[in-house]
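Given these sequences and hints, build the entire structure.
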Amino acid sequence: MASTTQIITTAKHDYQVSYKIETYPSDAELKRANRLIPHVLEEEARENPQRVIAMVAKTSDISEGFNEVNAGQFLRGVDFLAHWIDSYKSQSSSMETFAFIGSQDFRYPIIEIACMKTGNPLLLPRAGNALVNTVSLLKATKSTKLFYTSQYSDLAARILEVIPTLERHEIPTLQEIITTKSKPYLYTKNWDTHKDELALIVHTSGSTGAPKPKNCSYEFLSGYIYSNILLPDVPGRAIAGTKLVVKGELFLSGCSFSHASGLGAVLSTIILGSTLVRGPPNEPSSGNILHDIMKALPIRGLTEVPSVVEQLFLYHSEDLKDEIAALKHVFWLGGPLSQETGDFIIANTDAVLCQIFGSTETAQLPLLVPPKSHWSYIEFHPQFLPDLEPVNSDSTLCEVVLNKYDDPTLAWSQPVFRMAPDQTQWRTRDILRRYEGPLPDGVGPLWKFENRIDDLIILSNASKVNPVHVETLLQSHPLLNGCIVFGTGRSRCGILLEPKEDSILTEEDLVAKIWPDVEKANDTVPTHARVERHLVLVAKKNKKFERAAKGTFIRSICTNMYKAEIDSVYAAFEARNYGFNKPALKLRI
Numbered sequence: 001m002a003s004t005t006q007i008i009t010t011a012k013h014d015y016q017v018s019y020k021i022e023t024y025p026s027d028a029e030l031k032r033a034n035r036l037i038p039h040v041l042e043e044e045a046r047e048n049p050q051r052v053i054a055m056v057a058k059t060s061d062i063s064e065g066f067n068e069v070n071a072g073q074f075l076r077g078v079d080f081l082a083h084w085i086d087s088y089k090s091q092s093s094s095m096e097t098f099a100f101i102g103s104q105d106f107r108y109p110i111i112e113i114a115c116m117k118t119g120n121p122l123l124l125p126r127a128g129n130a131l132v133n134t135v136s137l138l139k140a141t142k143s144t145k146l147f148y149t150s151q152y153s154d155l156a157a158r159i160l161e162v163i164p165t166l167e168r169h170e171i172p173t174l175q176e177i178i179t180t181k182s183k184p185y186l187y188t189k190n191w192d193t194h195k196d197e198l199a200l201i202v203h204t205s206g207s208t209g210a211p212k213p214k215n216c217s218y219e220f221l222s223g224y225i226y227s228n229i230l231l232p233d234v235p236g237r238a239i240a241g242t243k244l245v246v247k248g249e250l251f252l253s254g255c256s257f258s259h260a261s262g263l264g265a266v267l268s269t270i271i272l273g274s275t276l277v278r279g280p281p282n283e284p285s286s287g288n289i290l291h292d293i294m295k296a297l298p299i300r301g302l303t304e305v306p307s308v309v310e311q312l313f314l315y316h317s318e319d320l321k322d323e324i325a326a327l328k329h330v331f332w333l334g335g336p337l338s339q340e341t342g343d344f345i346i347a348n349t350d351a352v353l354c355q356i357f358g359s360t361e362t363a364q365l366p367l368l369v370p371p372k373s374h375w376s377y378i379e380f381h382p383q384f385l386p387d388l389e390p391v392n393s394d395s396t397l398c399e400v401v402l403n404k405y406d407d408p409t410l411a412w413s414q415p416v417f418r419m420a421p422d423q424t425q426w427r428t429r430d431i432l433r434r435y436e437g438p439l440p441d442g443v444g445p446l447w448k449f450e451n452r453i454d455d456l457i458i459l460s461n462a463s464k465v466n467p468v469h470v471e472t473l474l475q476s477h478p479l480l481n482g483c484i485v486f487g488t489g490r491s492r493c494g495i496l497l498e499p500k501e502d503s504i505l506t507e508e509d510l511v512a513k514i515w516p517d518v519e520k521a522n523d524t525v526p527t528h529a530r531v532e533r534h535l536v537l538v539a540k541k542n543k544k545f546e547r548a549a550k551g552t553f554i555r556s557i558c559t560n561m562y563k564a565e566i567d568s569v570y571a572a573f574e575a576r577n578y579g580f581n582k583p584a585l586k587l588r589i
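In the numbering used here, the protein residues as written are 1 to 589.
Any given hint could turn out to be false.
[To be verified] Simulated pairs of lysine-lysine, DSS-like, Cα-Cα distance not exceeding 27 Å:
#1 500 - 295
#2 563 - 464
#3 544 - 513
#4 247 - 321
#5 189 - 142
#6 58 - 544
Hints listed in this document are in silico derivations from the structure and should not be mistaken for laboratory results.
Laid out in structure tokens, this is it:
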């Protein structure tokens, strides 16, 4: 499709703005996007072998430095591991599915591309999954071999106890993989013949049952990466997302390597010429770690979950004045960012602040950077507006719905229909609230993430509660890793608090310290949505919240984990309020 200039005036959702837009992609750009991933790496290694692709902290002590991987080492590691994998392959079948569970280091993208070269789809179960869920995924995908890093040898052994026919193999260290000399691994596949071939298997979070595998073809992965890069520019506006990443600069990402977004971040650095920086492989991301990394390296952008962004800016801003001032963009994903944190970033930096909004299936949806005065809102690209369907009589609340374009030349912008080619509509289940106030010239409409359809709590009196409001206000508390509001089918809402790993407070002391902040959060929501003091629970250290790959907790799994405790606290609450001799209701005949 040739690049042409067109005037776009759209009235969809009252969007009355005209833009003169260069329509992309051009034939040359589309050809560049339509490459198999191993060829993308091979070209970069051939043209820029010394360019540093990634820097991963060696340990939680950032002063110990980073493991750097340049393009030449990346390809060398892929070829070495592809030959190594071949030595374990069955001679009877070349289309075995393999699985990998490992530390969050650069071995993830290396083994992903190595398996593409060997022709074996690779399943990426999360290391934090419940054993039963990992086993379910391995069986569903008919995986024959499990590769793992040394830290997960015990987990691999437990899996084999359940699936004794599964082979397990510990992969070499990162340094051995990228430094061992190896002959090139010949890869002759082409786009036209192999674009629909299965390349990678990720999985759903399991919020509505057992996690389900999601098959990623080469064409889907291309769309996942390029659907943002190929968006046409809008005069006077910036495209939100990877298009803001600058060649030659360092950006810090918390995206999990076991998620499609992790591989997407790596491949985006190759395409855009930037360098990916990651924290230590076996340590959860935190404000403290980001602080130390920003002290050590000239970070110009970061992508993280809201709680980590809040920890960084609210508790380390004084010590990071120069480093924060040098930031060019701050992206958050996985839920709402607190108003206090966002306002601070806008007031104290020149960084572009915006939300990454999308999912594994859809990739990041096409967005513009909202005006600084409305930083917490989402603004869709005027040429690629989704449908926003009202969820009830309140037309300001809408579900984001993607309908497949009739024009096949726009297929690159909707990767979800490459993952689900038989579908013509994709309901995201994400609910946005439309901004009803006045808008700056050339802006609009704006939307704010409200909740997911799955998140809504229905009390026993049919009142509806959006738990996200209270959770957002508490998620940055220095004593908490997270919190979950519960109450489905009950008369009142309660809250489950997950303390920091190093907390030495008793449950009573923790609740006492947190309660003033809960009261402040209660003041911001309707009476029926407020948390009761006697319905506060503290999570156990041996029952940590189950989290999705992007760091957000999985509400249904977490509340089910604590079902007994929740039932007990409600029983005590009712006894306290109604007495133990509350008469039972009797049926009148």
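We went through each hint and held it up to the structure:
| no. | hint | in the structure |
| --- | --- | --- |
| 1 | 500 - 295 | holds, 24 Å |
| 2 | 563 - 464 | holds, 20 Å |
| 3 | 544 - 513 | holds, 20 Å |
| 4 | 247 - 321 | holds, 24 Å |
| 5 | 189 - 142 | holds, 24 Å |
| 6 | 58 - 544 | holds, 25 Å |
In this structure, none of the earlier numbered hints is contradicted; all agree with it.
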